[in-house]
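Engineer: Chain by chain, the residues:
2 protein chains.
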Amino acid sequence: MPEDELIAAIVQGMPQGDALVPTGDDAAVLPLTAPRVVVSTDVLVEGRHFRRDWSSGADVGWRSITQNAADILAMGAVPVSFVGSIVLPGDVPAHWAIAVGQGMAEACTWIASATGVPCGVVGGDVSSGNQVSVSVTALGDLAGEAVLRSGARPGDVVVHAGTLGHSAAGLALLSAGLSPDGDGAAERCIGTYRRPTPPVEVLDATQRLHALMDVSDGLLRDAGRMAKRSGVAIDFDDLAGLVDTEVYVVGQMLGVDPVPWVAGGGEDHGLLGTCAPGEVPEGFRVIGRVLEGEPSVTVLGQAPSGVTGWDHFSG
Amino acid sequence: MPEDELIAAIVQGMPQGDALVPTGDDAAVLPLTAPRVVVSTDVLVEGRHFRRDWSSGADVGWRSITQNAADILAMGAVPVSFVGSIVLPGDVPAHWAIAVGQGMAEACTWIASATGVPCGVVGGDVSSGNQVSVSVTALGDLAGEAVLRSGARPGDVVVHAGTLGHSAAGLALLSAGLSPDGDGAAERCIGTYRRPTPPVEVLDATQRLHALMDVSDGLLRDAGRMAKRSGVAIDFDDLAGLVDTEVYVVGQMLGVDPVPWVAGGGEDHGLLGTCAPGEVPEGFRVIGRVLEGEPSVTVLGQAPSGVTGWDHFSG
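Residue numbers (the numbering used here), protein chains in the order written: chain F, 1 to 315; chain E, 1 to 315.
Rather than coming from a laboratory, the hints here were simulated on the basis of the structure. Just to be clear, a hint being listed does not mean it is correct.
No copy is singled out in the list; a pair is fine if it fits within one copy or between any two copies.
[As the list claims (entries may be wrong)] Okay, derived cross-link-like pairs now, SDA-like style, lysine to any residue, Cα gap no bigger than 25 Å in a straight line:
no.: 1; residue 1: K228; residue 2: G266
no.: 2; residue 1: K228; residue 2: L20
no.: 3; residue 1: K228; residue 2: V286
no.: 4; residue 1: K228; residue 2: M1
no.: 5; residue 1: K228; residue 2: G184
no.: 6; residue 1: K228; residue 2: T23
no.: 7; residue 1: K228; residue 2: E5
no.: 8; residue 1: K228; residue 2: A276
no.: 9; residue 1: K228; residue 2: E279
no.: 10; residue 1: K228; residue 2: P295
no.: 11; residue 1: K228; residue 2: E187
no.: 12; residue 1: K228; residue 2: R208
no.: 13; residue 1: K228; residue 2: D181
no.: 14; residue 1: K228; residue 2: A303
no.: 15; residue 1: K228; residue 2: D238
no.: 16; residue 1: K228; residue 2: D183
no.: 17; residue 1: K228; residue 2: H95
no.: 18; residue 1: K228; residue 2: D91
no.: 19; residue 1: K228; residue 2: P89
no.: 20; residue 1: K228; residue 2: W96
no.: 21; residue 1: K228; residue 2: T115
no.: 22; residue 1: K228; residue 2: W110
no.: 23; residue 1: K228; residue 2: D53
Quick caveat: nothing in here was measured; it's all calculated off a predicted structure.
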């Protein structure tokens, strides 16, 4: 299929949010509530970030949108618009790329339903290449103040919203060749791996946090970044207490300790924040404390490797 | 080099424009003059859009920024910010990717010097992959009204700013194995191929145009898109009159007719517009007329293939 036709098929029916000038001109024009914009970008590469036998085109499209949306949420802003580029080898069928677009559209509809703000994909590019990749840029509308990684204060509690370890548990199942059908714990973890659902519903509460970031590379590693930026020490509660039932069940199925999935699994795209102890917003759970001291991350006061079995920690 | 270190090396010294929150958090925050933003994206893939033996890393970085900036200019907006993703095979040296970043920084500095508005690269991503690709998203600040492709009116003159055919002439030289050193016509055309220089200096004049677009796929093809969007016919003057001396000289060197480079060569990223006959802004030259009629593109009243030798026209 020629690129012009493929682009037309992908654009067909794509939500455009509130765009003043939608896709189709040299560039799109988007309205904002204030004269400023929030922007972030990520690329997903086949074999590195996804496998086509583990994720459908629509799954990859969903993930490309939601993981970028999580970065916008992590600033306390509303994801309002996306642009994306797809690189596609000649042997990948056009319907795979069209499905990427459909997954992007589904994710936009899901995000808009949670924020109440229209959201769409307003531009893009398609090119041939040797390897599938999907790069997406997200734009956010910031009504309040940006919530930064650097705002954690000693005395704060550390809070988290969203799933933890579900995506890693799902990936572990797929890596073990297990891909059950149904509605059990395994299926739901695989579902989170394929289609992460960042906690869009806590958006309004983010303005009450002192610091905030997206957990994309693992809880302990990302907490290390927050500790460094804020100049504080972060001490987590017992991570075993953060193993949700579904993640526990998958650990049992595979005969492995699920705590490393919670400690080091990325790509659930939950939100990690800090706030005053008496001001924990709905939707967040307390998972640790912010302390004075050199930037560091501990679990129950000990270095992570000793308590989690996970020794890949590097700030 | 680990990705974290590579990203740090690329970010080092990267201009940040007027960013309220620069690169380094989950997302950047940018100020705008009005509550709206202009956005466009493009991907460059090795072997498809560039060759590493023909373009340096810095050339690819420059081009990734300027070709996206041209899309922003083509809306009548000021390019103020970019984000970019680089996919890099393991056998490409880190210094090549660092050079991409340096070329991006140089392009931002060049754009800012022409617009008077600070401009930078405020975010990005780096991933390993099988093939080099660079995808960039540009953000623009729109003080006036967006100038669309759909605004051409019968009675308008067709105008152009920037180079025409220089990039195609440079590519033809490289394809012929010719890459002379020096400061002649050949070197300057190759220079335009490697580092296109869209006519940023005409930005203020764009608000006086009725229609505007970036010429990225060739003058006749892009004019066909404008004709279709505007519901008009576009008739060009003699294209031989648009062959600049440098392009003519390269045609002589290679023993070929240079008119097809003007008619069909993309990637000079000039600006194609229309305006009232008495209101041609400085920096633009008149190259045709807008007529009533079914959307079409002609040259001196004839179908392009008969007069240009270029028969690849497809609206």
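Engineer: Flag every earlier hint the structure violates by its number, smallest first.
Structural biologist: 5, 11, 13, 16, 17, 18, 19, 20, 21, 22 and 23
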